[in-house]
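Undergrad: Listed below are the residues making up each chain.
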Amino acid sequence: GAGVSQSPSNKVTEKGKDVELRCDPISGHTALYWYRQSLGQGLEFLIYFQGNSAPDKSGLPSDRFSAERTGGSVSTLTIQRTQQEDSAVYLCASSSYGMPEQYFGPGTRLTVT
Amino acid sequence: GEDVEQSLFLSVREGDSSVINCTYTDSSSTYLYWYKQEPGAGLQLLTYIFSNMDMKQDQRLTVLLNKKDKHLSLRIADTQTGDSAIYFCANYGGATNKLIFGTGTLLAVQP
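Protein chains in written order, with this note's numbering: chain A, 14 to 126; chain B, 2 to 112.
Hints should not be assumed to be uniformly reliable.
What the simulated footprint calls covered on chain A by chain B, stretch by stretch (three residues with Cβ under 8 angstroms from a Cβ of chain B suffice, anywhere in the stretch; the number is not a length) [unchecked claim]:
#, region
1, 58 to 67
2, 113 to 120
Counterexamples of contact, computed for chain A against chain B with all Cβ distances above 10 angstroms [to be verified]:
#, residue
3, Pro21
4, Val25
5, Glu27
6, Thr43
7, Pro74
8, Gly84
9, Val87
10, Thr89
11, Gln93
12, Glu98
13, Val125
14, Thr126
Simulated from the structure, these hints should not be mistaken for laboratory data. Don't be surprised by glycine CBs; every beta carbon is placed ideally from N, CA and C.
Based on the sequences and whatever the hints tell you, model everything.
TA: Below, the structure written as C-alpha cells:
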C-alpha cells in the first residue's frame, strides 16, 4: 500500500519567509510524528499527534514552529520567519495505534538562503 | 538524560558479516529499533526488538539486546554492496512519545 508521503520534496526559501511542509500519513494510522535531521543536531523529535489528543509539542525548537493535523490525517508543519539554522530535512512518520513500528516519509529538504 | 550512541563508521568486505553497535541510557525503553538510510532517502525501518527479548532474527539480520548493559547490536550476514548506508539505532518508551536516535553508523561495503 501507499507509504507516508511528504511535499514538497525540496524547498528553497529566503530568510524571514514563512514555509509550510505537508505530510500524508499511511491511511488508518492514528499517530503522526515530525522529526528534523540536520548535520549539527542529528535526528530530533519535533511534535507528536495521537488521534484527537492534545499534541506533544515538547520538541519544537521555538515558537516560530507550529503544526496542525486536520481531520486526524494530513499534517502541516509551519515555520514562520525562517532562519538559516532551520535548514534541514524534515521527516514525517506515522504509526498505527498501539503498534511500535514508525514508518517514515522521504522528507522535505528545506534550504533557507 | 536520554542518550543513544553509535560508532560513526564501519568498513567491511562484501560477503563478510557486519556488526553495528549501539548503547543507550534510558532504562525504561520499551522498544529498540534499527533504521537504514540510503543517500537522499528517508528512513527505512529494518527491524525492532521489544525490551523483554534478547534476540531477534529476520533473514540476514540478527538483533541482540543486552538490557543490563543497555547495549544493542545489529548483525548483517553476508553483507552486500547494497547494504552500504547509514544505520540508525533508536529507542522508544518510558515517559516519551518519541524516538531517540543515535548519530548513525556509516557502513561501507567494499567489493
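Undergrad: Each hint should be assessed against the structure and marked as holding or not.
TA: Structure-based check of each hint:
Only residues whose C-beta sits within less than 8 angstroms of a C-beta in chain B count toward coverage, and the region 58 to 67 of chain A has 3 of them, enough to reach three; the restraint holds. Under a criterion of three residues with beta carbons nearer than 8 angstroms to beta carbons of chain B, the stated coverage of the region 113 to 120 of chain A is upheld, 8 such residues being counted. No Cβ of chain B approaches the Cβ of A/Pro21 within 10 angstroms, the least distance being about 14 angstroms, so the stated non-interface status holds. Once the 10 angstroms rule is applied to beta carbons, A/Val25 is consistent with being away from chain B; the minimum gap is 16 angstroms.
With 10 angstroms as the threshold on Cβ separation, the claim that A/Glu27 sits away from chain B holds: the shortest Cβ distance comes to roughly 24 angstroms. Taking the minimum C-beta to C-beta distance to chain B, about 12 angstroms, the non-interface status of A/Thr43 holds against the 10 angstroms cut. Separation of A/Pro74 from chain B is adequate, the least Cβ-Cβ distance of about 14 angstroms exceeding the 10 angstroms criterion. The claim that A/Gly84 lies off the interface holds: its Cβ sits roughly 21 angstroms from the closest Cβ of chain B, which is beyond the 10 angstroms cut-off.
Against chain B, the non-interface label of A/Val87 holds: every CB pair exceeds 10 angstroms, the least being about 18 angstroms. No beta-carbon of chain B comes within 10 angstroms of the beta-carbon of A/Thr89; the shortest separation is about 18 angstroms. No Cβ of chain B comes within 10 angstroms of the Cβ of A/Gln93; the nearest lies about 23 angstroms off, and the non-interface call holds. At roughly 19 angstroms, the least C-beta separation between A/Glu98 and chain B is larger than 10 angstroms, which holds for a residue marked as non-interface.
For A/Val125, the condition that its CB be more than 10 angstroms from all CB atoms of chain B holds, with the nearest at approximately 19 angstroms. At roughly 20 angstroms, the least C-beta separation between A/Thr126 and chain B is larger than 10 angstroms, which holds for a residue marked as non-interface.
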